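Asker: This is what each chain is made of:
Number of protein chains: 2
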Amino acid sequence: MVRRTGRRPGNPDTREAILDAARTAFAEKGYDGASIRAIAAGAGVDPALVHHYFGTKDKLFLASMNSPMDPLQVIAEATEGDRSELGVRLVRTFLRIWDGPGGAAGVAMLRSAVGNEWATKLFREFIVTQILRRAVAKAGLDPVQGRLRVTLVASQLVGLAMARYVIKVEPLASAPPEAIVAAIGPTIQRYLTDDLPGVFPPE
Amino acid sequence: MVRRTGRRPGNPDTREAILDAARTAFAEKGYDGASIRAIAAGAGVDPALVHHYFGTKDKLFLASMNSPMDPLQVIAEATEGDRSELGVRLVRTFLRIWDGPGGAAGVAMLRSAVGNEWATKLFREFIVTQILRRAVAKAGLDPVQGRLRVTLVASQLVGLAMARYVIKVEPLASAPPEAIVAAIGPTIQRYLTDDLPGVFPPE
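Here the protein sequences come in this chain order: B and G. All the letters of the first sequence, read from the start, carry residue numbers 1 to 203 under my numbering. All the letters of the second sequence, read from the start, carry residue numbers 204 to 406 under my numbering.
Keep in mind that the hints were calculated from the coordinates and are not lab data. All figures in this text were calculated on a predicted structure; none of them were measured in a lab. Among the clues, some could well be false.
[Unchecked claim] Where chain G lies over chain B, by a calculated footprint (3+ residues, C-beta under 8 Å):
| # | stretch |
| --- | --- |
| 1 | 86-93 |
| 2 | 114-121 |
| 3 | 147-157 |
| 4 | 166-176 |
| 5 | 184-194 |
C-beta atoms are modelled at their ideal positions from N, C-alpha and C, and glycine is treated no differently.
My request is simple: use the sequences and hints to build the entire structure.
Answerer: The structure is reproduced here in structure tokens:
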């Protein structure tokens, strides 16, 4: 789960009003176009209160999506250490979160993301602004090729979440995490760092 | 789209009643447990009419799921020819169907599969009975390892469908099919036919 601030949670109605206004604003204007000021106005509260409850715009976005993880933290963990182990570390971290107590929130997020056009748009913003941009930068990927590389990674990880946690198809659903790391880690590694002949147009 | 038989479509109300009864039966009893006789009884029609409208139980199942493709045909196409090109052929066929007029039905099927527990169960039956069993047999996979191999393939292809057609995240959503074949074909090939150290328990 996205960690709440250590402060008291405040009035739950106010919190929910802010989250509702945030979902609307992020879906309508995108992450970049939605301002804390406009979200506060939508909820009928002072912008300072939004910051007080949620901290940064990033954290407000994650809370509004009920994201089971902070992609910033996942990316930081995965990119720390030997570059040749990037894929294995990313899959291991992903499974630790989804196999743990955050998994239920993850399934709810995916179900919601697929449920209607509005939630789908929010989820796309989530992938682009919270994952894609940061992963390209943090993993030191070529800016031209990096975006396709990261969306390939996203396709495998979203599919893993779908197959293991939503559809629950066996034997993948019950396979030991390390078996999945051994199977899918090299896929992720290849998407991120290997030459991919035929994938990118000749320069 | 699943090809209808060449016969006249018959009474649309009867067709829909049979499809409704089929969805209920397949979700409640699984593919193997649901009989044409019980589905006919549920729809209040003669079993011969079910055969007349839909042909085999397989075809009735695909129609009840609004599947954009007949997995039997996809698997047959992919497994015909050089075994080292299995992954590339499978991704190419998959993209031809989803990039074509069947794509909209595919998105509807995925949205429905994730929408509620009942539809999720139906989709799981679809993967296990229409894809998994046949793919293991047709691709000549080891029966012990084959099931996990095929679910790994399913995870990548379901994720590709999610990222490209449902969430539509760029640049993957607009990438040329042959670039995606070059990127994902080798992943599928490896899942199906390569040694996967660390994935299977030692015998």
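Asker: Compare the structure with each hint and give your call.
Answerer: Against the structure, the hints:
Coverage of a stretch by a chain is defined here by at least three residues with a beta carbon nearer than 8 Å to that chain's beta carbons; for the stretch 86-93 of chain B and chain G the count is 0, and the condition is violated. Residues of the stretch 114-121 of chain B lying with their CB closer than 8 Å to a CB of chain G number 3, which satisfies the three-residue condition for coverage. Given a C-beta distance limit of less than 8 Å, the hint that chain G covers the stretch 147-157 of chain B holds, as 8 residues qualify and 3 suffice. Coverage of the stretch 166-176 of chain B by chain G holds in this model, with 8 residues showing a Cβ closer than 8 Å to a Cβ of that chain against a need of three.
Only when three residues or more bring their CB closer than 8 Å to a CB of chain G does the claim for the stretch 184-194 of chain B stand; here the count is 5, and the claim holds.
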